[in-house]
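Protein chains: 2
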Amino acid sequence: MATELRQQVRMVSSIDEMRKISKSFHGATLGFVPTMGYLHDGHMSLVKQSLKLCDHTIVSIFVNPRQFGPNEDLDVYPHDLEGDIEKLEMAGVDVVFHPNSKTIYPDGFKTHVQVDEITQRLCGNSRPRFFKGVATVVLKLFNIIRPQHVFFGEKDWQQLAVVEALVRDLNLDISVHRVPLVREPDGLAMSSRNRNLSPEERTKALSLSKSLQNAKDQIRQGITSANQLRESMKKIISAESGTQIDYISICDPTSLQEKEVVKGRTLIALAVKIGPARLIDNCIVED
Amino acid sequence: MATELRQQVRMVSSIDEMRKISKSFHGATLGFVPTMGYLHDGHMSLVKQSLKLCDHTIVSIFVNPRQFGPNEDLDVYPHDLEGDIEKLEMAGVDVVFHPNSKTIYPDGFKTHVQVDEITQRLCGNSRPRFFKGVATVVLKLFNIIRPQHVFFGEKDWQQLAVVEALVRDLNLDISVHRVPLVREPDGLAMSSRNRNLSPEERTKALSLSKSLQNAKDQIRQGITSANQLRESMKKIISAESGTQIDYISICDPTSLQEKEVVKGRTLIALAVKIGPARLIDNCIVED
Numbered sequence: 009m010a011t012e013l014r015q016q017v018r019m020v021s022s023i024d025e026m027r028k029i030s031k032s033f034h035g036a037t038l039g040f041v042p043t044m045g046y047l048h049d050g051h052m053s054l055v056k057q058s059l060k061l062c063d064h065t066i067v068s069i070f071v072n073p074r075q076f077g078p079n080e081d082l083d084v085y086p087h088d089l090e091g092d093i094e095k096l097e098m099a100g101v102d103v104v105f106h107p108n109s110k111t112i113y114p115d116g117f118k119t120h121v122q123v124d125e126i127t128q129r130l131c132g133n134s135r136p137r138f139f140k141g142v143a144t145v146v147l148k149l150f151n152i153i154r155p156q157h158v159f160f161g162e163k164d165w166q167q168l169a170v171v172e173a174l175v176r177d178l179n180l181d182i183s184v185h186r187v188p189l190v191r192e193p194d195g196l197a198m199s200s201r202n203r204n205l206s207p208e209e210r211t212k213a214l215s216l217s218k219s220l221q222n223a224k225d226q227i228r229q230g231i232t233s234a235n236q237l238r239e240s241m242k243k244i245i246s247a248e249s250g251t252q253i254d255y256i257s258i259c260d261p262t263s264l265q266e267k268e269v270v271k272g273r274t275l276i277a278l279a280v281k282i283g284p285a286r287l288i289d290n291c292i293v294e295d
Numbered sequence: 009m010a011t012e013l014r015q016q017v018r019m020v021s022s023i024d025e026m027r028k029i030s031k032s033f034h035g036a037t038l039g040f041v042p043t044m045g046y047l048h049d050g051h052m053s054l055v056k057q058s059l060k061l062c063d064h065t066i067v068s069i070f071v072n073p074r075q076f077g078p079n080e081d082l083d084v085y086p087h088d089l090e091g092d093i094e095k096l097e098m099a100g101v102d103v104v105f106h107p108n109s110k111t112i113y114p115d116g117f118k119t120h121v122q123v124d125e126i127t128q129r130l131c132g133n134s135r136p137r138f139f140k141g142v143a144t145v146v147l148k149l150f151n152i153i154r155p156q157h158v159f160f161g162e163k164d165w166q167q168l169a170v171v172e173a174l175v176r177d178l179n180l181d182i183s184v185h186r187v188p189l190v191r192e193p194d195g196l197a198m199s200s201r202n203r204n205l206s207p208e209e210r211t212k213a214l215s216l217s218k219s220l221q222n223a224k225d226q227i228r229q230g231i232t233s234a235n236q237l238r239e240s241m242k243k244i245i246s247a248e249s250g251t252q253i254d255y256i257s258i259c260d261p262t263s264l265q266e267k268e269v270v271k272g273r274t275l276i277a278l279a280v281k282i283g284p285a286r287l288i289d290n291c292i293v294e295d
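So the protein lines, in turn, are chains C and G.
One point on numbering: in my numbering, the residue at position 148 of the first sequence is 156, and numbering is uninterrupted.
One point on numbering: in my numbering, the residue at position 168 of the second sequence is 176, and numbering is uninterrupted.
Keep in mind that the hints were calculated from the coordinates and are not lab data.
Quick caveat: nothing in here was measured; it's all calculated off a predicted structure.
Possibly wrong hints are sitting among the right ones.
Repeated chains share a single entry, so a pair holds when one copy, or any two copies, can fit it.
[Claimed, not checked] Listed below are the simulated DSS-like cross-link pairs for lysine-lysine, each with C-alpha atoms no more than 25 Å apart in a straight line:
#1 118 / 140
#2 163 / 118
#3 271 / 60
#4 271 / 95
#5 56 / 218
#6 242 / 212
#7 218 / 60
#8 163 / 60
#9 118 / 267
#10 243 / 271
#11 224 / 56
#12 60 / 267
#13 212 / 95
#14 31 / 56
#15 218 / 281
#16 271 / 28
#17 60 / 140
Put together the whole structure using the sequences plus the hints.
Following this line, the structure appears as structure tokens:
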């Protein structure tokens, strides 16, 4: 039976134990994939990359309270620890690090990391706590696990830019690997938050990827005005009742500075609220 | 000749080279003493502690521009690299890391670390940039050098509290060692900044340690009112013309919260401007 061939994944919740295991891997390459759990094929593509590149792979499952704002969806963030472990075990992951909140943020915790400029744009406007929370927890996890390779999805493009800046600016000896966004067959970007959508809302959510496809098509036809492209995208999304656009950004993929004209490599990124979920999606275009 | 027996200290200015050397020490214990140079016996007591405890000792000399405010003494901060190297070589230090500012803060640098609460007190009031600058550069140096042991002097008591919080909160696998303040024979706390004092100012600077001694004596006589102690200290310092008290703090040694009554272990810390220098000093008292 296939299950008998499976390697047993090791579950770790204490920092000391996690550190000991990491140290025992010394001399081998160690890959790390931080997640908030409720794993989908997007996460698993990160895991597969790590398994391919590294001798050992550690996945963390930690829903980080410090990256949620007071009115955000921390309480309804989906979870399925058993299902996650099953997937990670099947894939061949060595260790799952699953600390609780008090372990990561003990009483008296008072330090944070802030990446300037790029965090003020896109999602930073509507989620002011988000990137400070992400940068701090990611640095903590890196310090506990000490991987040589870490894997992040391009779906959270801005988060990736923040992690890259953090690693570079704080002189972490870590390679950050970008892994492409994974979509459902109908085009919806995979997200743990999709699970909170009703069937109707899920259909409406297709307007995100459709609007990106529309922008791509228009650019191919020679339209380069960011305003014009944004207006077309807005129309497609607003045609679905109950959608609420947070932002549509047409910007430089590195600095995340808005562009007026699509010239050179350009990121089109958007965030839209649909029912209980705030969904993001993006694509890269070349003029 | 004694010089022939000396070990040659290795000077390193590149991050990559520093990292390579640190890695080559793997398996041995590595101690690190960060300094801004112009080394005195206070620094050397940190170095000696490291040499005693660790197989290898690395000392950094880097005058960190980001911990100076716009009207502070960055431009006149004393330096004597040759003299420093001589001292470190004589002591038996393995490596001196001496990067330049562009190496530590390349173009596009935009990340910083902030420790809350304890940084808002004492020196944090008059030097708002200071601890952000210290925490960020210390974390960078720790990440480049990756020591198991680091050594800080109790003269900068608040800085030590910040480094301890940083190490704990960011899960750095590092032991922070506190080393007692070192005084000149006449009581003046050793500081690189003493060199910028005129002979007259140097005499006036003795009022800092005298005021601390006075507070200790009074406490021994049963006086416990922080206000009363502070007033006596102020009198001693203000008796010297041209001194300008920045703060006199009578506080908890861990939280740095002000006390009204000296009860239990208490930190008395002060900062005073004398001529071109802002000097600090402190002592611990038990009631």
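Cα distance capped at 25 Å. Does residue 224 pair with residue 56 within a copy, between copies, both, or neither? neither (29 Å within a copy, 64 Å between copies)
Homo-oligomer pair classification [residue 140, residue 118; C-alpha up to 25 Å]: both (13 Å within a copy, 13 Å between copies)
Evaluate residue 60 and residue 140 at a C-alpha cut-off of 25 Å and name the case that applies: within, between, both or neither. neither (31 Å within a copy, 39 Å between copies)
Checking an output row: residue 212 and residue 95, CA cutoff 25 Å. Within, between, both or neither? Classified as neither: same-chain Cα gap 29 Å, cross-chain 71 Å, threshold 25 Å.
Within a copy, between copies, both or neither: where do residue 271 and residue 60 come within 25 Å Cα-Cα? Neither: 35 Å inside a chain and 60 Å across chains, both beyond 25 Å.
Within a copy, between copies, both or neither: which one fits residue 271 and residue 95 at a CA-CA cutoff of 25 Å? Answer is neither; intra-copy 42 Å and inter-copy 57 Å both fail.
Intra- versus inter-subunit Cα pairing at 25 Å for residue 60 with residue 267: neither (37 Å within a copy, 58 Å between copies)
Could you place residue 56 and residue 218 in one of the four classes (within, between, both, neither) given a Cα distance threshold of 25 Å? neither (28 Å within a copy, 66 Å between copies)
At 25 Å max between alpha carbons, let me know whether residue 163 reaches residue 118 within a copy, between copies, both or neither. Answer is between: at 23 Å across copies they meet the 25 Å cutoff, but 30 Å inside does not.
Under a CA distance limit of 25 Å, which applies to residue 218 and residue 281: within one copy, between copies, both, or neither? within (16 Å within a copy, 65 Å between copies)
With identical chains treated as interchangeable, where does the CA-CA distance between residue 271 and residue 28 reach 25 Å or less: within a copy, between copies, both, or neither? neither (49 Å within a copy, 41 Å between copies)
Copy assignment of residue 218 with residue 60, given that the CA separation must stay at most 25 Å: This pair counts as neither: shortest intra-copy Cα distance 32 Å, inter-copy 66 Å.
Hint check: violations occur at hints 3, 4, 5, 7, 11, 12, 13, 16, 17; the rest are consistent with the structure.
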